[in-house]
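> Place chain B on chain A using the hints.
So you can see what is in the structure, the chains are spelled out below.
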Amino acid sequence: MSLTVKLDERAPGIHVVSPMGSLDIMNYTTLQEAIDSLLQESPKMIILDLKDLDYITSSGVGVIIKTRKIMKNNNGEVLLVNLQPQIEKVFEIIRALPDQQIFKNIEELDRYLDRMQKKVVKEG
Amino acid sequence: MMAGEEVSKNILINNNLSEIEKLSKAVAEFGKINNLSSEVIYDVRLTLEEVVSNIIKYGFEDNYEHQISIEMNLQGETLTMKIKDDGKPFNPLEVKNANLEKPFDEREIGGMGIHIVQQLMDELRYNREKDKNILLLRKHIANRSSD
Chain A
1 MSLTVKLDER
11 APGIHVVSPM
21 GSLDIMNYTT
31 LQEAIDSLLQ
41 ESPKMIILDL
51 KDLDYITSSG
61 VGVIIKTRKI
71 MKNNNGEVLL
81 VNLQPQIEKV
91 FEIIRALPDQ
101 QIFKNIEELD
111 RYLDRMQKKV
121 VKEG
Chain B
1001 MMAGEEVSKN
1011 ILINNNLSEI
1021 EKLSKAVAEF
1031 GKINNLSSEV
1041 IYDVRLTLEE
1051 VVSNIIKYGF
1061 EDNYEHQISI
1071 EMNLQGETLT
1081 MKIKDDGKPF
1091 NPLEVKNANL
1101 EKPFDEREIG
1111 GMGIHIVQQL
1121 MDELRYNREK
1131 DKNILLLRKH
1141 IANRSSD
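Top to bottom, those sequences are chains A and B.
Take the first sequence: its letter number 46 is residue 46 in my numbering, and every next letter is one higher.
Just remember that my numbering sits 1000 ahead of the position in the second sequence, which is counted from 1.
Hints listed in this document are in silico derivations from the structure and should not be mistaken for laboratory results.
C-beta: ideal position from N, C-alpha, C; glycine also.
Just so you know, not all the hints are guaranteed correct.
Stated by the list, open to error - Residues on chain B that point at chain A, a partial pick, calculated with CB under 7 angstroms:
| hint | residue |
| --- | --- |
| 1 | E1049 |
| 2 | S1053 |
| 3 | I1109 |
| 4 | M1112 |
| 5 | I1116 |
| 6 | Q1119 |
Unchecked claim - With beta-carbon atoms standing in for the labels, derived distance ranges:
| hint | chain 1 | residue 1 | chain 2 | residue 2 | range |
| --- | --- | --- | --- | --- | --- |
| 7 | A | N74 | B | K1132 | 25 to 35 angstroms |
| 8 | A | M1 | B | E1006 | 36 to 46 angstroms |
| 9 | A | D52 | B | L1012 | 47 to 57 angstroms |
Chain B with its partners taken away, still in its complex shape:
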């Protein structure tokens, strides 16, 4: 990829946890084509899994199938991910933070997942626009391939 070039990949999945594997494979492919380091690929895969699982688990109140779109965009040394869904107003970053002293339950795990995402990403922004939840995540990649 030449300096200034931009590469994007769009993935659409259903609101089913079994679809996360499809997402992970797409991340691996995107990373390989764009020469991203294994560490960056891992961070992105983990981030998207944590965020999207929270959306699937807590973002929908009906029994219908919904689609979640994930757009990955690489421009220079900035990787941006935009996750969009049409569920209820729900910010997946607000799943309660983990308190490891308390007895464990699913919310604690979700909160722990978001804590991980906050450490792995450089920017995180949630918006609600026209009945859609939009989550923007950004990561600055210093060395494209240090493997």
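The shape of chain A in the complex, shown without the other chains:
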């Protein structure tokens, strides 16, 4: 089954990665390679917009978990948004990510980002 990955820089250092289609054992390297090239730019934040992702297996989850570990080591963040119910179910089973990194929709994500930005300004 096929996978396309869309990349978008939403703001300096904040990148949106949108895998579209099915993320399985045959094509997870496509997502891995897209993220690897992004990591070379030392992003502050990677937002995975999964609204067009219909299917995920452990290989795909592995890419996301690995990315999160690398970003965490570099004081960056990985956030997930727009998970379809069947995708959310897989993440829940594995308990792959803390709840505060999964957002139901873009509005919820935007509110989080606003709060983080205000926090940075306050601390600055």
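Just chain B now, kept in the frame of chain A:
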């Protein structure tokens, strides 16, 4: 399908990860013909992909082509899958459980896959019979089509 009726589908694939797509399509077809919900079809597709990928990756020690057979059987509200291969004695359910604290490697992903399967299926049983690995998976389907 009438109550008490039984429907089966047999799929044969080679021990090559590229064959999993063929398996996924067969599951989708079987699900559609038998009016299974999209959630059940997804669970079955994911289960078979996780189990069969482990068999392909870890179950054979030679470079020959092998066949893996997958039988799906639907009787009433019980869906049974039987996966058979002639590889070395290997229980795909025993790929080490994922420990997310450790540095990541392929085994961890395989273990995570099996953890998913254990949550999605109601019964799981492995046997070794006459040089064949036989894995039986069962899922009880409450509502056949709730879409």
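> When the structure is checked against the list of hints, which entries are broken? Sort them ascending.
Going through the list in order, the structure violates hints 7, 8 and 9 and respects the others.
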